[in-house]
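Please construct the entire structure, taking both the sequences and the accompanying hints into account.
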Amino acid sequence: MVLLASLARFYVVRVRRRLVHELLAVLGIAVGVALVFAALVANTTLTSAMTTLTKGVVGETASLQMSARGPEGFPEQILTRVERTAGVVAAAPVLESRVNIVGPKGRRSVLMIGSDPRFARIAGPLLRPFTDINRNTVTAIGRQKIVGVPAPIARDLGISFGAPLRIETEARIVRVPIGVALAERDVGAIADSPVILAPLPYVQTISGLEDRVTRIFVQTEPGAEGQVADALRRLDDGDFNVRAANADIEVFEAAATPTKQSTTLFSMLSALVGFLFGLSAVLLTTPYRRGLIKQLQLSGFARRQIRQVLLFDALALGIAGSVLGLALGDLVSRHMFDDVPDYLAFTFSIGDQRAVTWTAVLVAGVAGIVAAYVAVFAPLREALPPTPRTGRSAAGRADRTTWATLAAAVAFGVASVIVVAAPQMAIAGLIALTVGLLLSLPLLLNLGSRLLTRLTRSMSTPALPLAAVELRSRVREIRTIAVAATGALAVFATVSITGARADLQRGLDASTRDNVGNADIWVTFPDAPNVLATTPFQDPRDAASQIEDLPGVRGVRLYRGSLLDVGDKRAWVVAPPREARHLVPPTQIREGDADEAARRVRAGGWAVLSETIADSLDASVGDLVTIPSPRPTRMRVAAVSTNLGWSPGSILLNADDYASAWNTDAASALHIETDPGTAPDAVKPQIQEALGTRRAFQVETRDERQAVHYAASRDGLTRLTQIAILVLVAAVLAMTTAMAGMIWQRRPLLARLKVQGFSNGTLWRALLFESLIVVAAGCGAGAVAGLYGQLLLSRALETITGFPVFYTAAVLVAAGTFCLVTAVALGMLAIPGRIAVRVEPTLGTVRRAQAVPAVRR
Amino acid sequence: MLELRQLAKTYASGGGELLTVLDGISMSVQPGELVALYGPSGSGKSTLLNIIAAIMPPDSGAVLVDGRDTATFDDQEASHYRKRQLGYINQSLDLIPGISAIENATLKLIGVCSAREARRRVTPIMERLGLADRLKNHPDQLSAGERQRVLLARALATEPRLILADEPTGNLDIQRSQEVLALLASLCDERDVAMLLVTHDPAAAAFADTAHELSNGRLTAYGPQSNGAVAPRRS
Chain A
0 MVLLASLARF
10 YVVRVRRRLV
20 HELLAVLGIA
30 VGVALVFAAL
40 VANTTLTSAM
50 TTLTKGVVGE
60 TASLQMSARG
70 PEGFPEQILT
80 RVERTAGVVA
90 AAPVLESRVN
100 IVGPKGRRSV
110 LMIGSDPRFA
120 RIAGPLLRPF
130 TDINRNTVTA
140 IGRQKIVGVP
150 APIARDLGIS
160 FGAPLRIETE
170 ARIVRVPIGV
180 ALAERDVGAI
190 ADSPVILAPL
200 PYVQTISGLE
210 DRVTRIFVQT
220 EPGAEGQVAD
230 ALRRLDDGDF
240 NVRAANADIE
250 VFEAAATPTK
260 QSTTLFSMLS
270 ALVGFLFGLS
280 AVLLTTPYRR
290 GLIKQLQLSG
300 FARRQIRQVL
310 LFDALALGIA
320 GSVLGLALGD
330 LVSRHMFDDV
340 PDYLAFTFSI
350 GDQRAVTWTA
360 VLVAGVAGIV
370 AAYVAVFAPL
380 REALPPTPRT
390 GRSAAGRADR
400 TTWATLAAAV
410 AFGVASVIVV
420 AAPQMAIAGL
430 IALTVGLLLS
440 LPLLLNLGSR
450 LLTRLTRSMS
460 TPALPLAAVE
470 LRSRVREIRT
480 IAVAATGALA
490 VFATVSITGA
500 RADLQRGLDA
510 STRDNVGNAD
520 IWVTFPDAPN
530 VLATTPFQDP
540 RDAASQIEDL
550 PGVRGVRLYR
560 GSLLDVGDKR
570 AWVVAPPREA
580 RHLVPPTQIR
590 EGDADEAARR
600 VRAGGWAVLS
610 ETIADSLDAS
620 VGDLVTIPSP
630 RPTRMRVAAV
640 STNLGWSPGS
650 ILLNADDYAS
660 AWNTDAASAL
670 HIETDPGTAP
680 DAVKPQIQEA
690 LGTRRAFQVE
700 TRDERQAVHY
710 AASRDGLTRL
720 TQIAILVLVA
730 AVLAMTTAMA
740 GMIWQRRPLL
750 ARLKVQGFSN
760 GTLWRALLFE
770 SLIVVAAGCG
780 AGAVAGLYGQ
790 LLLSRALETI
800 TGFPVFYTAA
810 VLVAAGTFCL
820 VTAVALGMLA
830 IPGRIAVRVE
840 PTLGTVRRAQ
850 AVPAVRR
Chain B
0 MLELRQLAKT
10 YASGGGELLT
20 VLDGISMSVQ
30 PGELVALYGP
40 SGSGKSTLLN
50 IIAAIMPPDS
60 GAVLVDGRDT
70 ATFDDQEASH
80 YRKRQLGYIN
90 QSLDLIPGIS
100 AIENATLKLI
110 GVCSAREARR
120 RVTPIMERLG
130 LADRLKNHPD
140 QLSAGERQRV
150 LLARALATEP
160 RLILADEPTG
170 NLDIQRSQEV
180 LALLASLCDE
190 RDVAMLLVTH
200 DPAAAAFADT
210 AHELSNGRLT
220 AYGPQSNGAV
230 APRRS
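Chains A and B, in that order, give the protein sequences. For the first sequence, position 502 (counting from the first letter as 1) is numbered 501 according to numbering that gives the first Met the number 0, and the numbering increases by one without interruption. For the second sequence, position 149 (counting from the first letter as 1) is numbered 148 according to numbering that gives the first Met the number 0, and the numbering increases by one without interruption.
Since the hints were derived computationally from the structure, they do not count as laboratory data. For each residue, glycine too, the CB sits at the ideal point set by N, CA and C. Accuracy of the hints is not assured; some may be wrong.
[As the list claims (entries may be wrong)] Covered by chain A, according to a simulated footprint, are these stretches of chain B (three or more residues, beta-carbon under 8 Å):
no. : stretch
1   : 42-54
2   : 94-105
[Said to hold, decoys possible] Cβ-Cβ distance ranges computed for the label pairs, FRET-style:
no. : chain 1 : residue 1 : chain 2 : residue 2 : range
3   : A       : LEU405    : B       : ARG127    : 41 to 49 Å
4   : B       : THR219    : A       : GLU839    : 24 to 32 Å
5   : B       : ASP58     : A       : ARG837    : 57 to 65 Å
6   : B       : GLY66     : A       : LEU771    : 49 to 57 Å
7   : B       : GLU158    : A       : ARG837    : 24 to 32 Å
8   : B       : ARG127    : A       : THR460    : 24 to 32 Å
9   : B       : ASP58     : A       : VAL365    : 56 to 64 Å
10  : B       : PRO30     : A       : THR841    : 22 to 30 Å
11  : A       : GLN304    : B       : ALA220    : 53 to 61 Å
12  : B       : GLU2      : A       : GLY826    : 41 to 49 Å
13  : A       : ARG837    : B       : PRO30     : 53 to 61 Å
14  : A       : THR460    : B       : GLU2      : 31 to 39 Å
15  : A       : VAL14     : B       : GLY66     : 51 to 59 Å
Structural data, given as structure tokens:
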């Protein structure tokens, strides 16, 4: 047994001689670990931020909640009946309202939560300030007319405590005295959440929802949860749902699924690229380790001891790479993956808390060590005793290539079946495509080298034929394949994801044009997350009357919309006025006839459901369904649509049917149609002036609102772009590092070629040609497979999530990515290549005994 | 063909002292002549070949090839000289792995003629060297002697007028050494090639027209009186 200390000492002695190579290997592994870690942290952070807020409000004690179906809540009086229900220990009302708070440094959309001191008994840390606790900084705000603002938000907005706070709520502006700053020591990590607190009666007054609440949290006796839930449901006359107290987490999970899936998928591809990077870098040290094995063998070390030495190498590389990777991943997750996608922020109050779990650290760290182990041992298998070095016969190589090609064909076949018959298995399909791509590379490189040899047979210039010879000699080297595989994976991932993203973007843009194009000018509540126009405002007809007589205004109509929980899905309810140009968006219909559906929805009693909502209600075109609105309403399904860009699903009906089903006169937007020939831009200032500054309204032309929508949908997909860029950068680095290492290690051969009469220029061009072919073969294969991957992903997005997807093969993206990666890699290789060919020819005349392994016939 | 005039070369040793390995070397090699050069390890034999091959400049003196000083060659001319006029067989057995023996042997003809023509030219040479059944074998399927002969075939492929051979028999057994030396000698005769053969093998002198010994940076005549080896065939 070789002692650990001896192994460590031996390693340190050896590593000094090849520090640069070892550092490159560490860097390669670190890049892979960083990408995996950053993606894991981004995903856990999303859920954790939502969970933190939910637990902050709900605490650990409440087990049930009654949640309002509409933004106007339900009567507070029902609380008395709840408290009297058998099995209920405590019940506490909450009113939540989306508002803006405005300070000298800007405006912030927050969730205003109103509660009651009684709730503090069963609530989480967020509502502690409602109790009469004895703290200097937190004077109980129980029943006072003051608002608690998290200290970080107050700081960001420049709000000074004691000064009045401006709150914009439901199209009105209120100034309230400010009470307390909620620091982390008062409310825990929720201090980073976008919320403000106030006593329930005060929030009811501010929001204009007197005697209304949006939720009642219920603490039950142990074991009585089911019985209490049934009893509470019997109290329901359509105003609320009875669900688990923390049900919002499930709803959020459903909404965040597309983002998480895409991040996970990309992190897998990133991990593969990172691993190939690490492998390429570790392979730089392989010749040295081969020599080491030989020396150890000759010195009488047993196979087990040699393995221990190599294992120590792998562990040292893996641990160093993992530690560095975790640090890099932490930076990436802080600075690149830190934004909550807008589409989630529209509906959920998600804070800035980062969640770094031990699971993420372990998964990424162990992945780094395993990658190092594989990278160290895989290329040395044949060198390890007692297996004799067998060399690689041409027949053996041919066999391996044949098997790899057959396996690649099977993998591509599996992917094709998934594209056609089971797009919901997109992840499996992408894995099959990736496997097929990697397995086909040896064949492609072989074909490429043969083709080049054939093409250069009659050439009189030496560089290309020399490159062909060199390529043929290395086409089966694991490092050559690793370089090509790195490029292939990076281009594959970029093309498939970017292409699918573009398909989705086209679909979303079409949906936006149909929806936003229904009015020339939109008037909404200026809440930042109100892009979907789901925040209602009262007395909309008063506002409309201020506008409709203005010159250039042809008509003003009420648009209504909100979010409605259907099962575990928070659906987007879209209710345009009957007169809307595209009452039913023609580009988004999946089942049924768009014109007929529009006629029916206009007539009333009909709704268009997205596929996911239709599935959850088990309905198809023509069926009767009950919309779980505050006043449950039976409607017929006019058509089945895409999800209109909102991942949990959508319900579309006309604005009058909405008013009836939600039992409200409130609207969430005014649709303004301008006179023909009148530019909306010209009318907009008059509308802003007519509405005045007493109420907080936002006036946008169609183009402005479309721009906001486009930006929001692009923001939701930003993370994909960020990861794609990271993967590309990592891949280019990986390929250039590996190729530069190969070129550098080939200096003795270059020297021998110089002795044979090849000039510096010829050798340099030959090196570049050879690199070009390896990189281009990998990137080219990746681009073609990427187009296939795009088709698979787009089909999956369409069928699984119901997003609108307009497929167009991303040929330009594929060509552009191919050219970019190839050109950058070659550009970066030009300098080390130029330096390498300046090697002294005398290096080629030095004796290298046993340079070629023993004879094998 | 080849004339050396007062060549001198000095290296700095590890301790900072100057080590003179060539000290006024002058000699000439004519077409069809095989000159053997003996000397102990570290005597400067390989340095001398490197200077002749324009791989390394001398400190002083000149190498004249067909009357032209190699010190005047730029990179392009030096490359052309090594590729077209010179055959350099060094002691390393390194061939390019992963390609066949015939492809290794035709390496110098890349850019000179087509691949088909290169094969046509080299195949008879390889047959002559006893490699007829090894043309498609890869380096890891060849013995040391076979690899040595592939290197020889590569050196001969461009029909050079001068061959520098640095211990070409160092990896061969006695019988194979004799065969290779005989082959080199016959090539000199048949093709009128000038050849400078650096060797430790006493038997090589028997195949040479002239033999010298390099010792302490100077050339002396090599003969039976120095180490009992057989005398050069034409001495």
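**Structure versus earlier hints, numbers of those that do not hold, lowest first** = Hints 5, 6, 13 are the ones this structure does not satisfy, whereas the remaining hints hold.
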